[in-house]
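Chains as they are written, first to last, in the working numbering: chain A, 1 to 109; chain B, 1 to 113; chain C, 1 to 236.
No lab work stands behind these hints: they were computed from the structure. A few of these clues could be false.
[What the hints assert, rightly or not] From the derived model, a few chain C residues whose C-beta atoms are all more than 10 Å from chain A: (1) Thr17; (2) Ala44; (3) Cys49; (4) Cys54; (5) Glu86; (6) Val127.
[As the list claims (entries may be wrong)] Computed from the model, here is a short list of chain C residues facing chain B with C-beta under 10 Å: (7) Arg102; (8) Gln114; (9) Ser132; (10) Cys200; (11) Thr202; (12) His203; (13) Met204; (14) Ser205; (15) Thr207; (16) Phe209; (17) Pro211; (18) Gly213; (19) Ala221.
[Stated by the list, open to error] Keeping only pairs whose Cα atoms sit at most 25 Å apart, straight-line, the calculated SDA-like set for lysine to any residue is: (20) Lys58(B) <-> Gly81(A); (21) Lys212(C) <-> Pro122(C); (22) Lys58(B) <-> Thr44(A); (23) Lys212(C) <-> Asn40(B).
These numbers come from a predicted model, not from an experiment. Backbone N, C-alpha and C fix where the C-beta goes; we use that ideal spot for every residue, glycine too.
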Amino acid sequence: MSPVLFLAQRLSAAVLAFAVTAHLATIIYAARAGMTAADVLARTHGNVAFFILYVVFVAAVAVHAPIGLRNVLREWTPWRGRSLDVALAAFALILLALGLRATVAVFVA
Amino acid sequence: MMRASHRQPGFVAAILHRLSGIALAVFLPLHFLALGLALNGAAPLDTFLAVTRHPLVKAVEWALVVALALHMALGLRVLAIEFLPWRDRTVATVTTCIGAGFLVGLLLLLNRA
Amino acid sequence: MLAVEVWRGGASGRFQTFHVARSANQTVLDVVTNIQREQDATLAYRFACRVGMCGSCAMTVNGRPRWTCRTRVAAALGADATLRLEPLRNFPVVRDLAVDMRAFFEKWRAAKGQFEPGPELPDDFAVVAPASPQRQTADAGIECIGCGICYAACDVVAWEPDYLGPAALNRAWTLVNDVRDRGNAARLDAVSAGSGCHLCHTHMSCTTFCPKGLAPTYAIAGLKRTTLARALGKPR
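Full structure from sequences and hints, please.
What follows is the structure, given as structure tokens:
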């Protein structure tokens, strides 16, 4: 793990501290209010604030999760080296793509 | 016989952090795909969501929310150790983090529709 | 009588059970010495000072890495009935309870864990205020005697064979904070390489088991912060 990866991991973690807190609060609020999926989508529809929050959330996750998985795989499996890095970079892009798609989905729904 | 280092609270914290992280990483693409169904209109999403009413699915959902809270709490502990001049009282801190995770879970349980 | 299971062999081997008479205030070193002198002269183990100064007697006692000279049998047993002695984890086994420490010290060198005076002799003695923050930081980790217990306790050393380890990194941190040292550029490079300080996951086993009460975890955290600041281009 290089200083750059370390920085990316810790920085994304700091961003996620806020995003996850907001997300957990939202989840508990929605559960408390007995909201259905349709109710939730009604709230996210056209909601620019949520859109921006989730874009930032998705970007941070797309950085944080693959770097974390890299440590796990290097330490707990024999897989390491270039092929692992490439696979995880691909995973990062997949998370980013699917995450942005989902963010757009709940914005336009 | 479990290694002594594995009975240390710092190791327990690291393992919980790691396992919850793996669970979340596996879950996330599925979460994004499910939400992406909204793009196709309400019907496909509702069809999918009918599946999520199954008790087992609800239990897994609950576990994932706890995993998220736990992962964050324990992650904040790591950030504090690394960046703040804070001397970890490990047992107390780790217990608090785990407690916070389950508190979130409890809140969710008490309020589930 | 105390039942003692002792590892015999190298990487592969078996546990051999001995029986040793209990006595008051007996240490684990007393037990091992008794076995080797009275029962089986072929048992290989290390010790030197017997009084908790040299660290040579470190081994795994009932799953925990400890100095045998400073471990009372009563304390080591806890709720167990038998004493189980194994060589330190994460080191290649030479024979029985003696391990090969070469890799441990090679990593110490690789982390630049030695004082670098620089190309020119200074004009006068360095004045280092003992109460200065840097000196206090260095002093917090300076008592390390290289016994290897932290290295044996570390899971990341077990999982990532190239990891420099807590002892080497702790020493590097004391030198980073030594205002007389001239080798910090190379040292910070060395500890931020792929096998350096960023691999630490703060399990804190090193800090838990260090017999001198040192805290390599925080030394490594210091290295993380310092190398991060350096990567971001901040002056140090």
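Hint check results:
1. Thr17: 34 Å, holds
2. Ala44: 32 Å, holds
3. Cys49: 36 Å, holds
4. Cys54: 32 Å, holds
5. Glu86: The assertion about Glu86(C) holds, with a minimum of 23 Å to chain A.
6. Val127: The claim holds: Val127(C) sits with its nearest Cβ about 33 Å from chain A, beyond 10 Å.
7. Arg102: Violated. Min distance 23 Å.
8. Gln114: With a minimum Cβ separation of about 26 Å from chain B (threshold 10 Å), the hint on Gln114(C) is violated.
9. Ser132: Not OK, violated: Ser132(C) not within 10 Å of chain B, min 16 Å.
10. Cys200: Nearest chain B Cβ about 9 Å off; hint holds.
11. Thr202: Interface hint status for Thr202(C): holds (5 Å vs cutoff 10 Å).
12. His203: Where the cut-off is 10 Å and the nearest Cβ of chain B is about 5 Å from His203(C), the hint holds.
13. Met204: Constraint on Met204(C) satisfied, holds at 3 Å.
14. Ser205: 4 Å, holds
15. Thr207: Hint holds; Thr207(C) Cβ to chain B Cβ min 8 Å, cut 10 Å.
16. Phe209: At 7 Å from the nearest chain B Cβ, Phe209(C) passes the 10 Å test, so the hint holds.
17. Pro211: Given a least distance of 14 Å, the restraint on Pro211(C) is violated.
18. Gly213: 13 Å, violated
19. Ala221: 5 Å, holds
20. Lys58(B) <-> Gly81(A): Distance ~38 Å between Lys58(B) and Gly81(A) Cα, so the pair is violated.
21. Lys212(C) <-> Pro122(C): With Cα atoms ~33 Å apart, Lys212(C) and Pro122(C) exceed 25 Å; violated.
22. Lys58(B) <-> Thr44(A): Given pair Lys58(B), Thr44(A) holds - Cα atoms ~23 Å apart, limit 25 Å.
23. Lys212(C) <-> Asn40(B): 64 Å, violated
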